[in-house]
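**Student:** Take a look at the letters that make up each chain.
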Amino acid sequence: MSGSSFVRRPTWFGGVGSIVVATAGVAGLTSSTEVAGAVVGAGVGFLVLYLGLAFRYRSPVGWLVALVGLAGGGGAAGYAAANAGSGLSPAVVVFGALGVLFVSLGTAPLSGEGSRRLSKMGCWMVFVAALLGAETLQSDPQGAVRVLGAMVAAVLAWDLSENSVGLGQQIGRQARTRRAEATHAFGSSLVALASASAGYAGYSYAAGLDIPFDAVVLMLGSVVLLVVFLYR
Amino acid sequence: MTDEPIDVVRTKRWRGMAAMALIAGGMGVVTDRPLMVLVSAVAIGFVAYPSLTGRPEVDLDVERTVSESAPAHGAEVEVNVTLRNRGGLLSDVRFVDGVPPTLSVSEGTPRHATSLRPGGSTSFSYTVVAKRGRHSFVPATVLARNLSGSLEVETTAYADTLIDCASDIGDTELRKQATQYTGRVLTDQGGSGVEFHGAREYQRGDSISRIDWKRRARTGEFVTLKFREEKSARVMLVIDARKEAYVAKGEDEPSAVAYDIYATEQLFMSLQTSRDSVGVAVLGREFTWVPPGKGDEHTARTRRMLTTHPSLTPAPPRRDDFDESQLDELQKRLTNDTQIILLSPLADDFIVDVARRIDAHGNSVSVISPDLTMEDTPGQRLARVERDARLSDLYQSEIPVVDWEVEKPLAKVLAHTTERWSG
Chain E
8 MSGSSFVRRP
18 TWFGGVGSIV
28 VATAGVAGLT
38 SSTEVAGAVV
48 GAGVGFLVLY
58 LGLAFRYRSP
68 VGWLVALVGL
78 AGGGGAAGYA
88 AANAGSGLSP
98 AVVVFGALGV
108 LFVSLGTAPL
118 SGEGSRRLSK
128 MGCWMVFVAA
138 LLGAETLQSD
148 PQGAVRVLGA
158 MVAAVLAWDL
168 SENSVGLGQQ
178 IGRQARTRRA
188 EATHAFGSSL
198 VALASASAGY
208 AGYSYAAGLD
218 IPFDAVVLML
228 GSVVLLVVFL
238 YR
Chain X
1048 MTDEPIDVVR
1058 TKRWRGMAAM
1068 ALIAGGMGVV
1078 TDRPLMVLVS
1088 AVAIGFVAYP
1098 SLTGRPEVDL
1108 DVERTVSESA
1118 PAHGAEVEVN
1128 VTLRNRGGLL
1138 SDVRFVDGVP
1148 PTLSVSEGTP
1158 RHATSLRPGG
1168 STSFSYTVVA
1178 KRGRHSFVPA
1188 TVLARNLSGS
1198 LEVETTAYAD
1208 TLIDCASDIG
1218 DTELRKQATQ
1228 YTGRVLTDQG
1238 GSGVEFHGAR
1248 EYQRGDSISR
1258 IDWKRRARTG
1268 EFVTLKFREE
1278 KSARVMLVID
1288 ARKEAYVAKG
1298 EDEPSAVAYD
1308 IYATEQLFMS
1318 LQTSRDSVGV
1328 AVLGREFTWV
1338 PPGKGDEHTA
1348 RTRRMLTTHP
1358 SLTPAPPRRD
1368 DFDESQLDEL
1378 QKRLTNDTQI
1388 ILLSPLADDF
1398 IVDVARRIDA
1408 HGNSVSVISP
1418 DLTMEDTPGQ
1428 RLARVERDAR
1438 LSDLYQSEIP
1448 VVDWEVEKPL
1458 AKVLAHTTER
1468 WSG
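Chains as they are written, first to last, in our numbering: chain E, 8 to 239; chain X, 1048 to 1470.
Since the hints were derived computationally from the structure, they do not count as laboratory data.
Built from N, CA and C at the ideal position, the CB exists for glycine as well.
Hints are not guaranteed to be accurate.
Unchecked claim - Computed far set for chain X versus chain E, every beta-carbon distance over 12 Å: (1) V1055; (2) G1134; (3) V1140; (4) G1166; (5) R1179; (6) R1181; (7) N1193; (8) D1211; (9) T1271.
Stated by the list, open to error - Just a few of them, taken from the derived set where beta-carbon distance is under 7 Å, the chain X residues facing chain E: (10) M1083; (11) V1086; (12) L1136; (13) D1139; (14) R1158; (15) H1159; (16) L1194; (17) L1198.
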């Protein structure tokens, strides 16, 4: 009775936000504007898929829109992967695009109240894309920035989509939640920016001074352990 | 005003970041790729993030206004809620308003999420459809998260609001157990009253107005007429709020306890206006009791208990805190002339025993039972059959039962059933 207007579905802000962020991160991995454009095209396709799935509750046309989005997004992703060729492994694009697809399926939602597992799986795929990018972009002068961008995207998409599903379960899609989500996203972006800059500064410093890689790794390893134990 | 936190939960939403950091770092080391190690730096930041953000302290003022506090049945009532932050920064507050469980929301949503700076406020509104009866808002649920979302504090906030839509119940049929005060219960004792009971020989001291003067004129005898005496009753409304009683038709549907509370409030008001002494007792998380009484102060106290007491929250208790000592406590406190109206969905056999036991003890018992059973699955059908069996058990023990289909107004059901009782 009191729940008649209560729709437990992931909120718009986090859903759309995570798709946009993940797409931007993956697109940033490539130096070719053509490939980057195709990745953005795939992102737009998956956004259309998201909207189609979200509106299917109101009208069956939503299913049609979703199919068109899936086809368009898949096609653009395929084009990007086929043309990634020089300097970027096609696997990076494939994982990245699949990541965006999973994020949009988890928050659209594909079924029920939305799925944290599905969208987090998408974020893991963007993470894998960043790792594979790190492998292939070793000689790219802007490799560090590109890889960091993709990783930040993976983490922010994680945060936004998780928050979106959680808010959807507690408050619902109909309610006004934007302010809470924006504040939350602001906090996470600051942390992402700070840790990426710190990492980048350390990286350039070490590269400039020619500090042995092993020393950097040891230092980072100790930071990881310290943080993990502090967090417990 | 918000209450003390009920629960503080670690959300574990950042679980996975440490894995990302270790995988990226480890692979970077093994394959000798500095860029991979760089990737792990971002994840490390987010491993640390949750412990950098503390626990939110919630101190909210809730203000609720309704467009009409005494609407007609079926009218739309706009509810406006304002939250004011009296504590520190709240980056993420989630608010679920305590809509009276018996009313339905027709437009908008009673749920809201926002962030509030110190002293900041927000408001939102939604529309409910009024139904016959008095409907009190129940405590609202407040969830506050810290900036990283790693901790979630749950608490409740209460603002006293009432939607009073013409009384649902006119008269409540009571069983024949009465006090010495004049009231509505017809007794089998002859005396002064309005309904003819019998006649007897005149005795000194009988009121002159009760002498049958026509008979005196006809036969010369002095005969005193006796009328049925009407006396007032002492009534205890007992709510079954044990864990078993929290049955509902669906996840977001009001539980039987919500219907019980609603019915209790209606019955209480109806009995109060007819000079009966009414009290309320709750069997559930803890034994709660407002002794039978009358008057405005008593009414206010009872209403406050019904709307805010923790034993009567809309959510079922996590543990089963009920024990039989509550029952002993109730029986100890009942005077011989108190009758019981038990409100229960009759979801288990124990409550039937309770009704029988109290009835055998000398306090006559009536039962009002909201029917929340369904027929969709074999399990639900079984529950319905079991409940029907309990109903007939009670009939056999000569305990009157009102089987209340909750879609129907309580007044109609009561009128219909009490006709059957007396017929």
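**Student:** The structure should be examined with respect to each hint, and the outcome stated for every one.
**Tutor:** Evaluation of the provided hints:
Non-interface call for V1055 (chain X) relative to chain E: holds, since the shortest CB-CB distance, roughly 16 Å, exceeds 12 Å. With a least beta-carbon separation of about 16 Å from chain E, G1134 (chain X) lies farther than 12 Å from that chain, consistent with its non-interface assignment. Remark: the non-interface label on V1140 (chain X) conflicts with the geometry, its nearest Cβ contact in chain E lying 7 Å away (cut-off 12 Å). Remark: the non-interface label on G1166 (chain X) is consistent with the geometry, its nearest Cβ contact in chain E lying 16 Å away (cut-off 12 Å).
Look at R1179 (chain X): its CB is around 15 Å from the nearest CB on chain E, clear of 12 Å, so calling it non-interface holds up. With a closest Cβ-Cβ approach of about 17 Å to chain E, R1181 (chain X) is found to remain outside the 12 Å limit, as its non-interface label requires. Distance check on N1193 (chain X): its Cβ comes as close as 9 Å (rounded) to a Cβ of chain E, failing to clear the 12 Å threshold; non-interface status is violated. With 12 Å as the threshold on Cβ separation, the claim that D1211 (chain X) sits away from chain E holds: the shortest Cβ distance comes to roughly 18 Å.
The claim that T1271 (chain X) is not at the interface with chain E holds, since no C-beta of that chain comes within 12 Å of its own (minimum 57 Å). Annotation: M1083 (chain X) was flagged as interfacial toward chain E, and the flag holds, the nearest CB pair being 4 Å apart, inside 7 Å. Checking V1086 (chain X) against chain E: minimum C-beta separation of about 5 Å stays under 7 Å; hint holds. For L1136 (chain X), the suggested interface contact is broken, since its CB lies about 9 Å from the closest CB of chain E, more than 7 Å.
Interface restraint check for D1139 (chain X): the shortest CB-CB distance to chain E comes to about 5 Å, inside 7 Å, so the restraint holds. A distance limit of 7 Å between C-beta atoms decides the matter here; for R1158 (chain X) the minimum to chain E is near 4 Å, and the interface restraint holds. Because the beta carbon of H1159 (chain X) sits about 6 Å from the nearest beta carbon in chain E, less than 7 Å, this interface hint is met. Given the 7 Å rule on beta carbons, the hint for L1194 (chain X) holds: about 4 Å separates it from the nearest Cβ of chain E.
The beta carbon of L1198 (chain X) comes no nearer than 13 Å to any beta carbon in chain E, farther than 7 Å, and the hint placing it at the interface is violated.
This entry does not satisfy hints 3, 7, 12 and 17, going by the numbered hints stated previously.
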